[in-house]
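Visitor: Kindly produce the complete structure, drawing on both the sequences and the hints.
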Amino acid sequence: MTGRQRMFVGPESRPVLPRHARLRFDKARQMWLLLAPERVLTPDDIAVEVLHLCDGTRSVRDIAEELAQKYKAPTEQIVTDVESMLQDLADKGFLAEMQEQPK
Amino acid sequence: MTDVLDETRPAGGLDPDAAATHGIPIAVLAEITHRCPLQCPYCSNPVEMDRANAELSTDEWKRVIGEMADLGVLQIHFSGGEPTARTDLVELVRHASEVGLYSNLITSAVMLTREKVAELADAGLSHVQISFQAKDPSLANRIGGHKRGHGKKLEAAAWVRQEGLPLTVNAVMHRQNLHELPQIIDMAVELDAHRLEVANVQYYGWALKNRAALMPTEAQIEECNRVVAEATERLHGILAIDYVVPDYYALRPKKCMGGWGRQFFNISPAGRVLPCHAAESITGLRFDSVRDHSLAWIWEHSDAFNLYRGTDWMPEPCRSCEFKEEDFGGCRCQAFALTGNAAATDPACALSPKHEEIFRLASEEATGGDTRFVYRNFAGGTLEPQG
Ligand code: SF4
Ligand code: SF4
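Protein chains in written order, with numbering that gives the first Met the number 0: chain A, 0 to 102; chain B, 0 to 386.
Careful, some of the hints might be misleading.
[Said to hold, decoys possible] Taking lysine-lysine and the PhoX-like style, the derived pairs with C-alpha atoms no more than 25 Å apart in a straight line are:
{"#": "1", "chain 1": "B", "residue 1": "K146", "chain 2": "B", "residue 2": "K115"}
{"#": "2", "chain 1": "B", "residue 1": "K323", "chain 2": "B", "residue 2": "K254"}
{"#": "3", "chain 1": "B", "residue 1": "K323", "chain 2": "B", "residue 2": "K353"}
{"#": "4", "chain 1": "B", "residue 1": "K254", "chain 2": "A", "residue 2": "K91"}
{"#": "5", "chain 1": "B", "residue 1": "K353", "chain 2": "B", "residue 2": "K254"}
{"#": "6", "chain 1": "B", "residue 1": "K61", "chain 2": "A", "residue 2": "K26"}
Because the hints were derived from the structure by calculation, they are not lab data.
Guide: This is how it looks when you write it as structure tokens:
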């Protein structure tokens, strides 16, 4: 059988939102939403920040480091939190990974 | 098409609070035509379908799509009938993208070409859902009433993935194909689908006409539950599986449409705005049209919406039931189909006085041995030839 593999999010993954998962600010409801097939998710403030940083060039570690600096928190803890949030999203099928390592 | 909107589970933050009868609509099922090359005996279209000359024009649809965005709608599902039977589909999808809607195409896929898939992707389509009737081609083609349908679907599914569009396989299940469920799940994985909907038939419209030929046995449903649970675990992170259980055998009804007129609506090919795609099966309800009113006006003021909103309309046993804000008394269309009264408690609920009778009816029909379909068409249906 062919087909996809489960995506495992680790510190070196370079996550990116696929075209079917769209992050947008909704004016009518005054909140950030993540639109996906048959789903509308309501990410909290931190999740929105993380999702904005999922641009396919930053690794999970890069993202965590940026947030660690901003919030003066230990990077390792943030790596774990970001990983588990993104793994959950990946398992729902709403996260992709950049294949080539950008130079 | 099937119950896409039943599948939508918005996150808590979007749900209107319990005291409100409705919120800002989240998603719209746009049934842009009733024309379809297939003839599925469980089609959720009304038995009385809109003819091509009654359909909204391109400009009318574009205006309505703009009004959806203004109203705060987030997602549009282009459905039918077969939405690709309209030559302006790409233009409508592009317009939906321009006004910021997330668009989904719900298709039988038999009319798709590689070029059309590419054009749709280019127009900003976000997701494609293709219905499959079975795994075995001859069974699939018999159910869909289309000689080469199954092969075309497989081909179209591959084009969808090649264009980088995410794919949902929609499998409508009933007594005559439930034995193939494990192979259908494998097929979805092989097609590189992201999501699989295992949707047991809902019995209104054409499916009600075909109930005796479609109703599963209890043993089949138990097996189906088992297969879905096993596959959900095994394919975690690979294929998301959404499961619609058949409610004749359930104890509690579905929260149909997330509550009548609460967060969703449907627009018929001729522009009537319906609280659910089967709502026209309830005779005596009057629906307002986008040709006469704005969507915003209809959402607030249409009698058909306000009639069963919230909980004030409920009779007993729902009225004093602790679950009334969880399931809103179940499905109005099913209540009407089975009791003749749309305001009755859905007989799928064990507390409905009709429940026993319905349950018995289901198991009798399931074991009655009637397998011939009445095919869906504009002529009111055609009985499958013997043998
Ligand atoms: S006949 Fe089949 S493919 Fe056509 S609209 Fe109905 S369910 Fe969909
Ligand atoms: S009685 Fe009504 S509200 Fe209570 S569970 Fe049954 S359908 Fe739902």
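Visitor: Compare the structure with the hints numbered earlier in the document and write down the numbers of the violated ones, lowest to highest.
Guide: none
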